[in-house]
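**Student:** Now for the letters of each chain:
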Amino acid sequence: MKLHEIAEKLELEKLTPAFDKEVTGVYISDMVSDVIANAKAGNLLVTVQVHANALAAANLVDIVGIVVAQGKRPTDDVVKMAEKAEISIFSTALSRWQVATKLYEAGLR
Amino acid sequence: MTETAEPRFQLADIQPGYVIIEREMYSKVARSYFSTEPVPPKEPYREGLRVWSFWEMAQSLRFSVRDNQTGETHRFDELLGLLYYGCCKPDSELYRIGELALQNKIFIYVAIAYEAPDGSRLDIPLEKLGVLNRAFNGRLQTKDKKILILPDYFGLYKELSYGQIMLDFGLTAIEDKS
Numbered sequence: 001m002k003l004h005e006i007a008e009k010l011e012l013e014k015l016t017p018a019f020d021k022e023v024t025g026v027y028i029s030d031m032v033s034d035v036i037a038n039a040k041a042g043n044l045l046v047t048v049q050v051h052a053n054a055l056a057a058a059n060l061v062d063i064v065g066i067v068v069a070q071g072k073r074p075t076d077d078v079v080k081m082a083e084k085a086e087i088s089i090f091s092t093a094l095s096r097w098q099v100a101t102k103l104y105e106a107g108l109r
Numbered sequence: 110m111t112e113t114a115e116p117r118f119q120l121a122d123i124q125p126g127y128v129i130i131e132r133e134m135y136s137k138v139a140r141s142y143f144s145t146e147p148v149p150p151k152e153p154y155r156e157g158l159r160v161w162s163f164w165e166m167a168q169s170l171r172f173s174v175r176d177n178q179t180g181e182t183h184r185f186d187e188l189l190g191l192l193y194y195g196c197c198k199p200d201s202e203l204y205r206i207g208e209l210a211l212q213n214k215i216f217i218y219v220a221i222a223y224e225a226p227d228g229s230r231l232d233i234p235l236e237k238l239g240v241l242n243r244a245f246n247g248r249l250q251t252k253d254k255k256i257l258i259l260p261d262y263f264g265l266y267k268e269l270s271y272g273q274i275m276l277d278f279g280l281t282a283i284e285d286k287s
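Chains A and F are the protein sequences, given in the same order.
Numbered according to the numbering used here, the first sequence spans residues 1 to 109.
Numbered according to the numbering used here, the second sequence spans residues 110 to 287.
Careful: at least some of the hints might be erroneous.
In silico EDC-like links for lysine to aspartate or glutamate, alpha-carbon gap of 20 Å or less [stated by the list, open to error]:
{"id": "1", "chain 1": "F", "residue 1": "LYS252", "chain 2": "A", "residue 2": "GLU86"}
{"id": "2", "chain 1": "F", "residue 1": "LYS198", "chain 2": "F", "residue 2": "ASP186"}
{"id": "3", "chain 1": "F", "residue 1": "LYS237", "chain 2": "F", "residue 2": "ASP122"}
{"id": "4", "chain 1": "A", "residue 1": "LYS84", "chain 2": "F", "residue 2": "GLU208"}
{"id": "5", "chain 1": "F", "residue 1": "LYS254", "chain 2": "A", "residue 2": "GLU86"}
None of these hints come from the bench; they were simulated from the model.
Let the sequences and hints guide you as you build the complete structure.
**Tutor:** Next up, the structure:
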């Protein structure tokens, strides 16, 4: 499933463009070290972590997009950094659990 | 030629733990070490003329890289963490190099090592960094994307804050600790 399809289905706010990338799975974490150790390339990261290092970790393991839950928003600097790395960032007021449920309903496993 | 599902180099022996940061009472010099227990010594202690006390703690991990072809395992106990070029000041050398590399879809990280007991930095041999680079690049799927993890030839450890290194200081706010 493409990033833009997910953004539309979950009515996510796009903080960056939805890059033309395929999402092959989902990883939910707020810890940089956990993302480095366990997330997989092609994953969509669901988190409330908005620090630049979360993006640095996502980029290191080739995560394609980040859904920032609970209405959190990264700074403009982090958003610019994500655009350079072609990692899409979306924001939503939904909780991580609600995002996970909706992603499952959308067909992601 | 048959494609293998597993890359040749993979992270292994992943051990969650804590980076304990201490500060020397008089010089204000900081140093850190890895601990599997979230219980640093709270009382100041003397080491020669210096008095160290607990300052800050971050969650992190320690790992090895396994070579699936040879079975050899490379430990990275000396690695404090990685620093992404984008987390440096835009007027820094690393940032400028990082921007240049980005034009070729190369993403620059710097391996920051722990301090040795004498205050110097532990060395991460280039051969080992080569293995680390192969481990992370082996995980990538994006076409033409490359990760390049450099040694700290820039001496960044002297000026950076712990908050710039990829460690877990907190959920949503990471204080700068210089």
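**Student:** All the hints need checking, so say for each whether the structure fits it.
**Tutor:** Quick rundown of the hints versus the structure:
{"no.": "1", "hint": "F:LYS252 - A:GLU86", "in the structure": "holds, 12 Å"}
{"no.": "2", "hint": "F:LYS198 - F:ASP186", "in the structure": "violated, 28 Å"}
{"no.": "3", "hint": "F:LYS237 - F:ASP122", "in the structure": "holds, 16 Å"}
{"no.": "4", "hint": "A:LYS84 - F:GLU208", "in the structure": "holds, 9 Å"}
{"no.": "5", "hint": "F:LYS254 - A:GLU86", "in the structure": "holds, 11 Å"}
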